[in-house]
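Enquirer: Sequence:
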Amino acid sequence: MTDEMKNEAVEETAEMMEESPVEEVPTEEASEAKGGKESKKKQRQLEAENLQLKKELEAQKAELAAKNDQCLRIAAEYDNFRKRSVKEREGIYTDAYADALAALFPVVDNLERAAMYSDGENVAKGVAMTLKGIEDTFEKLGVVAIDPKGEAFDPQLHNAVMHVEDPEYGESIVVEVLQKGYRRGDRILRYAMVKVAN
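Using my numbering, you'd call the opening residue of the sequence shown number 1029 and step up by one each time.
Think of the hints as simulated: they come from the structure by calculation, not from any bench. In this text the structure is predicted, and so the values were computed from the model without any measurement. Please note: incorrect hints may appear among the correct ones.
Okay, the calculated beta carbon distance ranges per label pair [as the list claims (entries may be wrong)]: (1) C1099 <-> A1173: 51 to 61 Å; (2) V1172 <-> E1199: 18 to 28 Å; (3) E1116 <-> E1084: 45 to 55 Å.
We put the CB at the ideal spot given by N, CA and C, even for glycine.
Please put together the full structure from these sequences, using the hints given.
Expert: This is the structure we're talking about:
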């Protein structure tokens, strides 16, 4: 290698050293001071986070207590409602029962008056009055008689207990009502007992 080349290599190395900064090796004191500052900063951040989390926890506890109180109140209200409903239901049945019986008292009065007579004509009048009173009572209670004579047999309303062959009537026609049926609204209280033709 020539001297010129050596000089050029030395110059290039020197230039490179000038361009790249030399890193200082931190001393122990400097690193402790730097670490202490970072440690204190991190500690303050953790304390702030801890305080924030405590606040959130207290808020969550308060909200949970409010929800728990609300649930307890709703449960108590439901329990009171259930008890009140049972009491009302029992009261409704008792009231309806009493009303139905009270509606029958005039009929009983008419029967007692009819029983006082021994004259056949007066007894017949008393029985007619009693029947009229029963019909009025049933009407007040919403009870309708089922009297299907001459109508087509309907197993939803009638109970066929007899059958007769009669060319005068069509097929499955009620020819005689042996016992009236009764219904209130859509509910059948007693099916009509009937004799059906053909």
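Enquirer: Using the Cβ atoms, figure out if E1116 sits within 45 to 55 Å of E1084.
Expert: Holds, at about 47 Å.
Enquirer: Determine whether the Cβ-Cβ distance between C1099 and A1173 falls within the hinted range of 51 to 61 Å.
Expert: holds (54 Å)
Enquirer: Taking 18 to 28 Å as the hint, is the beta-carbon distance of V1172 and E1199 inside that range?
Expert: holds (27 Å)
The structure is consistent with each of the numbered hints, conforming to all of them.
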